[in-house]
Amino acid sequence: MKKTMTFAAALLAASVLSGMASAKTLVYCSEASPANFDPGTTTGGNDFDASSRTVYSRLVEFKHGGTEIEPGLADKWEISDDGLVYTFHLHPGVKFQTTDYFKPTRDLNADDVVFSFDRQFNKENPWNGDKYLPNLTWDYYTGMDMPKYVAKWEKVDDLTVKLTLTEPNAPMLANLGMDFASIVSKEYADQLQKDGKMADFSTKPVGTGPFQFVDYQLDSVIRYAANPDYFKGKEKIDDLVFAITPDATARIQKVLAGECDVAPYPNPADIATIKANKDVTLMDQAGLNIGYMSYNTTIPPLDKPEVRHALNQAIDREALIKSLFQDAGATPAENLIPPTMWSWDKDVKTDTYNPEAAKKVLADAGLKEIQLWAADRVRPYNPNFQRAAELIQADWAKVGVKANIVNYEWTKYREEGKKKDRPGAFQIGWTGDNGDPDNFFATLFACSAIGVSNYSSWCDKDFEDLIQKAKKTSDQAERTKLYEQAQVIFAKQAPAFLLAHSQVYAVVRNNVTGFKMDPLGIHRFDGVDKSE
Amino acid sequence: MMLRYLLNKIALLIPTLVGITICAFAFVRLLPGDPILAMAGEHGVAPARYEELKQQFGYNLPIWEQYARYVGEVATGDFGVSISSKRPVLEEFKTLFPATLELSFFAMVFAMVIGIPAGIFAAVKRGSWFDQSLMGTALVGYSMPIFWWGLLLIIFFSGYLGWTPVSGRIGLQFFFKPITGFMTVDSLLYGKWDAFRSALSHLVLPAIVLGTIPLAVIARQTRSAMLEVLGEDYVRTARAKGLSAARVIGVHALRNALIPVVTTIGLQIGTLLAGAILTETIFAWPGIGKWMVDSIFKRDYVVVQSGLLLIALIVMAVNLIVDVLYAVINPRIRAA
Chain A
0 MKKTMTFAAA
10 LLAASVLSGM
20 ASAKTLVYCS
30 EASPANFDPG
40 TTTGGNDFDA
50 SSRTVYSRLV
60 EFKHGGTEIE
70 PGLADKWEIS
80 DDGLVYTFHL
90 HPGVKFQTTD
100 YFKPTRDLNA
110 DDVVFSFDRQ
120 FNKENPWNGD
130 KYLPNLTWDY
140 YTGMDMPKYV
150 AKWEKVDDLT
160 VKLTLTEPNA
170 PMLANLGMDF
180 ASIVSKEYAD
190 QLQKDGKMAD
200 FSTKPVGTGP
210 FQFVDYQLDS
220 VIRYAANPDY
230 FKGKEKIDDL
240 VFAITPDATA
250 RIQKVLAGEC
260 DVAPYPNPAD
270 IATIKANKDV
280 TLMDQAGLNI
290 GYMSYNTTIP
300 PLDKPEVRHA
310 LNQAIDREAL
320 IKSLFQDAGA
330 TPAENLIPPT
340 MWSWDKDVKT
350 DTYNPEAAKK
360 VLADAGLKEI
370 QLWAADRVRP
380 YNPNFQRAAE
390 LIQADWAKVG
400 VKANIVNYEW
410 TKYREEGKKK
420 DRPGAFQIGW
430 TGDNGDPDNF
440 FATLFACSAI
450 GVSNYSSWCD
460 KDFEDLIQKA
470 KKTSDQAERT
480 KLYEQAQVIF
490 AKQAPAFLLA
500 HSQVYAVVRN
510 NVTGFKMDPL
520 GIHRFDGVDK
530 SE
Chain B
0 MMLRYLLNKI
10 ALLIPTLVGI
20 TICAFAFVRL
30 LPGDPILAMA
40 GEHGVAPARY
50 EELKQQFGYN
60 LPIWEQYARY
70 VGEVATGDFG
80 VSISSKRPVL
90 EEFKTLFPAT
100 LELSFFAMVF
110 AMVIGIPAGI
120 FAAVKRGSWF
130 DQSLMGTALV
140 GYSMPIFWWG
150 LLLIIFFSGY
160 LGWTPVSGRI
170 GLQFFFKPIT
180 GFMTVDSLLY
190 GKWDAFRSAL
200 SHLVLPAIVL
210 GTIPLAVIAR
220 QTRSAMLEVL
230 GEDYVRTARA
240 KGLSAARVIG
250 VHALRNALIP
260 VVTTIGLQIG
270 TLLAGAILTE
280 TIFAWPGIGK
290 WMVDSIFKRD
300 YVVVQSGLLL
310 IALIVMAVNL
320 IVDVLYAVIN
330 PRIRAA
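Residue numbers (numbering that gives the first Met the number 0), protein chains in the order written: chain A, 0 to 531; chain B, 0 to 335.
Since the hints were derived computationally from the structure, they do not count as laboratory data.
The hints are all genuine.
Straight line, CA to CA, 20 Å or less: simulated SDA-like cross-link-like pairs of lysine to any residue:
id, chain 1, residue 1, chain 2, residue 2
1, A, 274, B, 155
2, A, 203, B, 85
3, A, 122, B, 53
4, B, 8, B, 317
5, A, 411, B, 35
6, A, 417, A, 463
7, A, 345, A, 317
8, A, 130, B, 52
9, B, 8, B, 322
10, A, 23, B, 173
11, B, 85, A, 133
12, A, 147, B, 46
13, B, 85, A, 134
So here's chain A without its partners, still in its complex pose (with noise of 0.2 Å):
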């Protein structure tokens, strides 16, 4: 009791305080416009920074700076023992935002969450097809394979929502904190509909998060406020005011001539003079992505682990690393997914390399020719993949192996290089969706991803075991364990080649506090706070 009157004691001096200082504006430098405000529509992190991230919330949430999951939405949730029936039961009094253009009569109910999922899958649903948006693809729904887990959602009470899989998956929670799985309302989608303006529900949204939407001038400036309703209490900051700035440089110029107060992906061109300034940071940290390459493990004689080990430590890696993203940096991979990763095993090590030990065994396998996959893309996990063969190529001549650079544009790159056939090496990589492992371990090698993105072709009966298992296991203490062992096997099996987690990066102005970096890719400004 004595707790809660300090609490609201204090609640009420910050309530005071907040009211007297003058209004708190936060300049966001955001690297290109929102193709809409419906995060269930769009697949970009800028899209998503400007939608789900700020206007609405979640059953579940990923914790600020990390992967884990913490409660949203949903107070708490029960699983049922066999891992196929969700049960969430929703924070009481959620209020939806109040704005020009929609008053809530309502708090946040189940049927809101039911609606929110089943206008990405039922066709039936008015707001699932042209009705609402022309050419809807609902990437993310049906690129998280939703349709093929969800059986049902089901509202119990108000409060109460049941989900039912198929079979057993653990990594729904992780989809359920997901940007596509935002909670949308069901009353504001009535009242569009009853008036005849459903394509509204994209550009002007209505959320239970942080922020609200004020304004948007297309390509240029978007507008929010504090929501004054929001369930985990109002943010510190009264208007977030996002501007669109594509150009790097010029993101960066508007960092330091105090235009803005938090811009993302610098130029590695432009580092050092973020560094040099003392009024900025730079902050960074490993992304969520891991570029490799993958050896086809059923062509001998890379299917030997030796071979595919005497490969990797005939790499010179770390001049590798350093010649592809120069002052930008990486973080050598030592392991399929990035240090920020629940369960990333930090006593699992990659091959160092080794030439000299590299040369005998190749020798003896009688490996002298390999072909080896260039694309024409950058990407966030591997800025130049022709310049990184080239380099590979001169370290494996100097083993006695000649490279063959197999070069293709992009779309037809992965479309030969998926084939289960498809001889030597192949340079790729990945970024994550979820902050689950099991969007890393099994996406990309599973036995039945075969053809689809293992472009290894590997199918390794204990690591497809104990991935499996962790797919349908709740305890993520358990998971933890299960994902650790197959790591071992990974290492030891060395079905490819692990480059680098990208470093990402963001520049702040000093007088802000609370903003971290995300793994997830995401720029949030729930908890951040501006002093004069």
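Since the structure of chain A is already known, use the hints to place chain B on it.
For chain B alone, coordinates are given in the frame of chain A:
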């Protein structure tokens, strides 16, 4: 006579128009890779879903049928719907075009106000150090890469000196619903002087950057046109009559020298729209140039295709107007 001339010019536009629709249409189809797979990214797309999307976007039809459909839609004013934003392309274009127009206008004013007098002066003082250095500078200006020039100005004037804002169209504190879409006009309509000043200060650097190439071209064209006219008999006659040098140059010579300059200015509109693509991207200027670049990165083929067509239509319209103006100021053209 004038009407026939005009109809003639318009008739000539038809093959150009057909050519442009083919180019815009072919451009998207000729890009390497399948548009649906390109949109899907690393995730890829399941075969069943792929077929569904192909049908949805009409890529399953024979190519001539796709073209016929496209021309039919364009002819009825339907420029399609953006793949990423799902808004009608024409609507986005209308919202963004005033920004490009405003920037182009100020860039042109900058180019003319400096270019024409400089060209006249260089012609009058032919061979002087001013003439030499002006022509040298014009050549540099003409060959300047816009991207580099823009960033250089930002780093020096906004970063180092802090005189001008880095980018954007107006200070973020100013916030009003657009009336005409032109910030300088709207701020005055709302009676906000500080907003007007802010809009002007945001225009300075991008207008200079965008106006640099036209400035160089106009200065050179004015100089050579003036040199030609200054050697004519009627100028000598005017001088012989004892008219002041200012009157000879300003009235007798300039009026005739301006004819080719007007054409040049008209033709620079195409250059301006091309330059706008880079300038707008650097200065975060919310116009159609930046819109096109964004759409290319997003692989929004519908916007790229229709955007190209709309820009081409505008350039054609401007060229037509220039042709007509030319005929108005030089009646001999009409008969030809």
